[in-house]
Structures are given as C-alpha cells and as structure tokens.
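Order-wise, the sequence lines are chains A and B.
The opening position of the first sequence corresponds to residue 3 in my numbering, with each subsequent residue numbered one higher.
The opening position of the second sequence corresponds to residue 38 in my numbering, with each subsequent residue numbered one higher.
These are computed hints drawn from the structure, not numbers from a lab.
Nothing here was measured: the structure is a model prediction, and the numbers come from that model.
Please note that the accuracy of each hint is not assured.
[Stated by the list, open to error] With a Cα cut of at most 20 Å, we get these calculated SDA-like pairs of lysine to any residue:
{"hint": "1", "chain 1": "A", "residue 1": "Lys285", "chain 2": "B", "residue 2": "Val120"}
{"hint": "2", "chain 1": "A", "residue 1": "Lys155", "chain 2": "A", "residue 2": "Arg297"}
{"hint": "3", "chain 1": "A", "residue 1": "Lys161", "chain 2": "B", "residue 2": "Val120"}
{"hint": "4", "chain 1": "B", "residue 1": "Lys91", "chain 2": "A", "residue 2": "Glu48"}
{"hint": "5", "chain 1": "B", "residue 1": "Lys90", "chain 2": "A", "residue 2": "Glu92"}
{"hint": "6", "chain 1": "B", "residue 1": "Lys112", "chain 2": "A", "residue 2": "Gly46"}
{"hint": "7", "chain 1": "A", "residue 1": "Lys155", "chain 2": "B", "residue 2": "Cys123"}
{"hint": "8", "chain 1": "A", "residue 1": "Lys285", "chain 2": "B", "residue 2": "Cys123"}
{"hint": "9", "chain 1": "B", "residue 1": "Lys91", "chain 2": "A", "residue 2": "Glu55"}
[Unchecked claim] Stretch by stretch, here's where chain A covers chain B in the computed footprint (C-beta under 8 Å, at least three residues):
{"hint": "10", "stretch": "116-130"}
{"hint": "11", "stretch": "146-159"}
Using N, Cα and C, we set each Cβ at its ideal position, and we do this for glycine too.
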Amino acid sequence: MPRRIVVPFGPQHPVLPEPIHLDLVLKDEHVEEALPSIGYIHRGLETLVTKREYPEYVYIAERTCGICSFIHGMTYCQAVEKLVDCTVPERALFLRTIWSEYSRLHSHLLWLGLFADALGFENLFMASWRLRESVLDVLEETTGGRVIQGSCKVGGVRKDISGETLERMRKGLDIIERDAGEIADVFLRDDSIVSRTRGIGVLSREDAYALGAVGPTARASGVGIDLRKTGYAAYDKLSFSPVVETAGDCHARCAVRVKELFTSIDLIRQAIAKIPDGPIEEKPKKNPEGDYFARSEQPRGELVHYVKGDGSRHLVRSRIRTPTLTNLPSLVRMLKGCNLADVPVIVLSIDPCIGCAER
Amino acid sequence: MAFFEMAKTAIGTVLRKPATRRYPSVAPKSTPLTRGRVSIDPSRCISCGMCMKKCPSGAICVRKEEKTWSIDRLKCIVCNCCVEVCPVHCLTMDTSYFPCVTEHRAIDVHVITYVKPERPKRPETGEKPGEGTDGSS
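So that you can see chain A by itself, here it is in the shape it has in the complex (with noise of 0.2 Å):
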C-alpha cells in the first residue's frame, strides 16, 4: 500500500534560481498533485507609478524582469504612447523590434543554458552561455547596458544605431547562427536529452487552450498563438511564422525555444535591411489621459501591460500581466502524475521568471 507524503520544492532550490514553492503529494515516487505559492519577492513596482512621473516609470518599468527587460519598457512605453497620441516614427519602431529580437535570443539561450543545466549537461549549459555573451555584446555596443538596456523612452528610443554598426550587426549574425546551429543539434537530437524529456509533463491542446498558457508552452502543445503577429512595433513589415509543435511534452518545449531562436536571427537580418532614415523619437504634446492595454510578445509569451492617466504627469494605475503567472496552472496540470526525479525539468521547461511574475 503505497503512502502519500508531501515533499516541499523551493523556493530555494538548486536547479531553480527563481523563489517558488511548490508542495508536492507524492505516491511513491509519483507526484499526485502539486500546490504552488508564490509571494516571496513582491516589490510593488505598479504602486510605484503614482511615485514617478510617467517619462522616468520606462526605467522601473524595465527593472520588473532582469532578463526580458526591454520588452517590458517597450510594452509599457506602447501604452503611455496612446495615452499621449504620439505617433512613434517608423525609424524607432525597427529599432525596437531588432533590440526585442535580440532580447529574445539572449532570453531563449539563458533558459536553454539553464534547461541543459537542470538536466545534468554543464558543457552545453556552458556552450549555450558563451552564445549568449556574443548577444549581450551586441546589446551593450548599441544600447550601452548588457541586460538592462534602457533605450526605450516614451515617444521614440534614445539610441540610434549607425549603418556602419547594423552592417557590423548583420555579419555578427552569421556567426551566431553557426553557433546557434550546433548547439540546436544537440538539443533536437541528443540521447541523453531526448530520453531525459520526450513524453514528459504533457499537455494537451485542449488543455494548454482552456488552462490560458501563453507562449512557447502554448505554442509547444500546438496553440499558434504569437502576439507578434498582431503587428506591434515593426512586426506587421516582416514576415515570419510561429513555431509550433505538436508533442506538447519537454522536448517539444525545448524544440520551440531552440527553433525560435532561428526565427529571431532571421528577424533581425530582415529588420536591418528594411529599416528607414528618419527621426528616432517624437515628443509627448500632453500628459497621459485614460486608460489603455498594451500586449506583446515575451520570450515566456504573452504580456500585457495596463496604464491609466487623469491628465497629470503621474499615471494613476499600473497593473503588469507576466506571461509566468499565467502558465503556472498548465505547469500544475503537467506535474500531475510525473516522477519526482522530473519536477525540476517540468518545472524549468515552462521558462518560470518568478521575479517578474510578482513584481
């Protein structure tokens, strides 16, 4: 007769950086049903809105995640911007879309780093890092920060990135596709990775729909949803098609993350060559006046930010919808019935970024 013990994960973990805690039933050694709880490190960075003025939030708005930091101060500046009906030229929308892109390649290479890492293979973590720095490279040559870029300002972007260096940019491109290359074979193919992940912590479609997971972990069950393709930033001028798998286990996590990172590269080179001359930024004629919803394309997927203005320079309302918070009732529904030596690779396989979930 087997006994139901409950065994407590995180927050503080080895192969989980971010604070989580999950109680865990076990039967044996299979994990009957899992309760998360989160609250560990909420900063209260939305009350801050009403502390800042709106032109110096972009800076706390970024600082909500570490790691897909500038799409969160794009996204929020997407939002003030209708507020204040200021039309951001064309120049500073390409140049948003190639820094979210490189964003998304760091992210991606981060998790894969940290995936390969929970599985045991430190050479590929270590591989996976190394690619990433050659990403952070470039962010740091035309932002000036590594993670933190803070380029993005209301109205436009502060930087611009010169022909010369886009020309630099779109050769560097070449070499981390190669590098990208190799390392994707491994991930796709590997014995030791497939046999650690195929058929693990599924979710179905039906399910992935119906529990609102967003991103790679929606798109690995076979739901194509990518917020790209409604046509923010510069996104409606490039073409591209979502990544989607159909095993909705793992690997096909796994695959989603590794074959985005191609989509990205290809992204990038297709921005550089059509971007246009002109001015970077437009200046906001009025101060924030109602309330709007920005959505965009995470590396964890979907993201929404909501800003509400009464004509002051304070905004009165913040409120930050993370793509993490919405896929913890799919990473819920995965954990039932898996082992308990798979909890970190399940855990780990729907990218979990507790930081910005609790802002």
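With the hints as your guide, set chain B onto chain A.
For chain B alone, kept in the frame of chain A given last:
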C-alpha cells in the same frame, strides 16, 4: 566519425587560450556607450537639482546651502537619466563600473566649486526694479 570530432574539439580546447579574460590584469570589456557610473564635474554644476528631482531611485542629493552634490552608489541604477536632464552637461557617464565595496556605505560627496560669473555692469544708469546686480551667492 563522432570520435574524431570529439578528439578534435578536445585537443583544440586544450591548446587554445582561455575564453574568459584574466580580469585583474586585463581590463574588462567596455564599449563607448557602456553605462558604468555617473561622474560629475563640480566646477560646472549650477546646483539646479534637476538630477535629484528626476532620479528614479532617489540616489542623488544636491544641497544648495552646503554646496555639495552626493550620490549613493548602491542606490544608483545607472539609468543615464541624470546625464540626460543636466542643463549644463556637468554629469557624464563613465564606462568603468563602480568597484566593489565591503561596507554598506558608498556615498560619494562632491563639493561644488562653481562660482556664478558676475554679470557685466550695464553702462546706462537707469536701473529697473527687481533686477539685482549682485553676482555673489
């Protein structure tokens, strides 16, 4: 074939130079745009306090009476905001990072040495009310 591939990689890795920099002897990598730390030229600061007002983390403190400009390096998020708003461009962004500290006190205090230039005396004698000619503060 896989074995030769592996042996080639292994030998290459042994013979190659390390991928990382020997940090204290070799300077860390930086670009002209790198945001390292904020530095001030105290001889040009007019104590307007714009940097203090706009700083998102409240790291900068300007005291007009004592003529000091101070920054808490541990609060500063190096966002470049103060450098952008400074009307006289006395703040600049240094590309080297602030070094590590062992105490939780890293407040840099600079004494502002700016002297307001005296306004040239007007040749005509007719003085308008409210327009002071006193240049000292």
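- Query: Hey, Lys285 (chain A) versus Cys123 (chain B), does the alpha-carbon distance stay inside 20 Å?
  - Reply: holds, 18 Å
- Task: Examine the stretch 146-159 of chain B: at least three residues should have C-beta closer than 8 Å to a C-beta of chain A.
- Result: With 0 residues close enough to chain A, the hint is violated.
- Task: With a C-beta cutoff of 8 Å, work out whether three or more residues of the stretch 116-130 of chain B approach chain A closely enough for the coverage to hold.
- Result: Coverage by chain A holds for the stretch 116-130 of chain B (5 residues, Cβ < 8 Å).
- Task: With a cut-off of 20 Å on the C-alpha distance, tell me whether Lys161 (chain A) and Val120 (chain B) pass.
- Result: OK: Lys161 (chain A) and Val120 (chain B) at ~14 Å, within 20 Å.
- Take a quick look at whether Lys90 (chain B) and Glu92 (chain A) sit within 20 Å of each other, Cα to Cα. Not satisfied, since the Cα-Cα distance of roughly 32 Å exceeds 20 Å.
- Has the given pair, Lys91 (chain B) with Glu55 (chain A), been kept, meaning a C-alpha gap of at most 20 Å? holds, 8 Å
- Pair hint Lys285 (chain A) and Val120 (chain B), alpha-carbon separation not exceeding 20 Å: holds, 18 Å
- 20 Å Cα cutoff - pair Lys155 (chain A), Arg297 (chain A): Cα-Cα ~17 Å, so holds.
- Restraint check for Lys91 (chain B) with Glu48 (chain A), where alpha carbons must lie at most 20 Å apart: holds, 18 Å
- Message: Hinted pair, alpha-carbon criterion (20 Å max): Lys155 (chain A), Cys123 (chain B). Please report holds or violated.
- Response: holds, 17 Å
- When you check the alpha-carbon spacing of Lys112 (chain B) and Gly46 (chain A), does it fall within 20 Å? holds, 17 Å
In terms of the numbered hints stated before, the structure departs from hints 5 and 11, listed from lowest to highest.
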